[in-house]
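A.B. asks: Just so you know, the protein sequences line up as chains S and H, in that order. Under my numbering, the first residue of the first sequence carries the number 1, and numbering increases by one thereafter. Under my numbering, the first residue of the second sequence carries the number 1, and numbering increases by one thereafter.
Certain hints may be false.
[To be verified] Lysine to aspartate or glutamate pairs mimicking EDC-like chemistry, simulated, CA-CA at most 16 Å apart:
| hint | chain 1 | residue 1 | chain 2 | residue 2 |
| --- | --- | --- | --- | --- |
| 1 | S | K160 | S | E192 |
| 2 | H | K83 | S | D41 |
| 3 | S | K5 | S | E60 |
| 4 | S | K264 | S | D240 |
| 5 | S | K95 | S | E43 |
| 6 | H | K83 | S | D92 |
| 7 | S | K160 | S | E215 |
| 8 | S | K138 | S | D240 |
| 9 | H | K121 | H | E12 |
| 10 | H | K83 | S | E263 |
| 11 | S | K5 | S | D46 |
| 12 | S | K95 | S | E125 |
| 13 | S | K264 | S | E245 |
| 14 | S | K238 | H | D97 |
| 15 | H | K60 | S | E192 |
| 16 | S | K250 | S | D240 |
| 17 | H | K83 | S | E259 |
| 18 | H | K60 | S | E179 |
| 19 | H | K134 | H | D97 |
| 20 | H | K127 | H | E12 |
| 21 | S | K5 | S | E43 |
To be clear, the hints were calculated from the coordinates, so they are not data collected in a lab.
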Amino acid sequence: MSALKEIIREKLENGSDAFLCLKNQEGVNLPVLITSIDSQDIEVADVGEVRYPLAKILIELQKQHPDKRFAVFVRGCDERAFIELSKLEQLDLGKLVTVGVACTREEAAACGCARPWPENVVLGEKVEASPGLGTIEKLEAMADAERMLWWKEEFSRCIKCYGCRNICPMCFCKDCSLENPYLVQPGEIPPEFPSFHIIRALDMAGRCIDCGLCEEACPAGIPLRQLYRKMQEIMADKMDYRAGENRDEKNPLSFLGEEADIEKLE
Amino acid sequence: MHEESTTKENGEVRILAFLCNWCSYAGADLAGVSRLQYPSNVLDVRVMCTGTISPYFVVKAFQEGMDGVLIAGCHIGDCHYLKGNYMTAKRFQVLRDALNFLGLEEGRIRLEWVSAAEGEKYAEIIKSFTEEVKALGPSALRKKDAAPAGAEAVKA
């Protein structure tokens, strides 16, 4: 990735205070903040073979250094996350310099998102991807009772590690409902069906940007993405909202709206 | 005594109704003072506005052994807080479909607009909703045979 090194140097010379990216350290990708043009880390800087929720680090960085200008590389999903996070007032896009990275064919196929490229692609080339939404249809075709059994079976493997929440770029609350003892009984494994999972799903309505990190991170291999894809579908069908696609449109669940919008609902 | 027998007749389904203080609770009250007959297996929770009902409450209600949940508030445009029920309408769409995707029947959760003058409508809604939930039977989300929330506290 010699192009990335050039870009990092160029951004640091032209007004950015630091560049957030990954570095390859003995075969492992770690996040690194490069603050100086002489940094050793520029040589090992990488966009990584695995994805990493850099948004989570950026939120903290911007909180601690509100006056600094950070540069960061973005994939399609990162960009959607940034846009949605800025609407939720967690990120200041005006102080971010983004370098678009298009996912490779293999990456796009493995992840199956609908848009594996950001608005302005600087590194890599756009490849078309077909979103693997098949399983949602299969689930929707099931009878209610059958579907509940299927989910119960899947969720019975949950070890309540909070991995899905911790890796989620869209999760940033300080007080998490999943840790509220009145909603989710503490010390119970697997967590009660469906409260633990439905609470997360409801919070993901209009927020989930379909990066699929939750499913990648889940040690029990629970098909979480299907649940969150359903939430995306509900928001698109009922309220015509797709998280992270439009910078000006707000999440309909974040404001009251007008009577005309409500009458369009059932 | 009377209550027990009616609960049995109704196939022992339990329904929780969230009623808004300004319209639907008054509507239910009107149904009561008008001596309208409707099934007695509904537990009321009075809230200041349906907009204050977090979707978590509904999930919690099912988890605590309710077979159906009704949310009733002011008609759109009549909200005491002007737009509180707009939020309810939006959230309800998401909540119902999300619960349904996990396998809960759509008929177990209902949103209705009942004004303070619609005592008869309230009685009708409770009748039809109870019938619907009864036809579906006890909810699969109910724990073994959980007593309704707070039952132990009442006994003690």
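A.B. asks: Decide, hint by hint, whether the structure agrees.
C.D. replies: For each hint, the structure was consulted:
no.	hint	in the structure
1	S:K160 x S:E192	10 Å, holds
2	H:K83 x S:D41	53 Å, violated
3	S:K5 x S:E60	24 Å, violated
4	S:K264 x S:D240	11 Å, holds
5	S:K95 x S:E43	25 Å, violated
6	H:K83 x S:D92	30 Å, violated
7	S:K160 x S:E215	14 Å, holds
8	S:K138 x S:D240	23 Å, violated
9	H:K121 x H:E12	23 Å, violated
10	H:K83 x S:E263	13 Å, holds
11	S:K5 x S:D46	8 Å, holds
12	S:K95 x S:E125	26 Å, violated
13	S:K264 x S:E245	22 Å, violated
14	S:K238 x H:D97	10 Å, holds
15	H:K60 x S:E192	11 Å, holds
16	S:K250 x S:D240	11 Å, holds
17	H:K83 x S:E259	8 Å, holds
18	H:K60 x S:E179	14 Å, holds
19	H:K134 x H:D97	21 Å, violated
20	H:K127 x H:E12	14 Å, holds
21	S:K5 x S:E43	7 Å, holds
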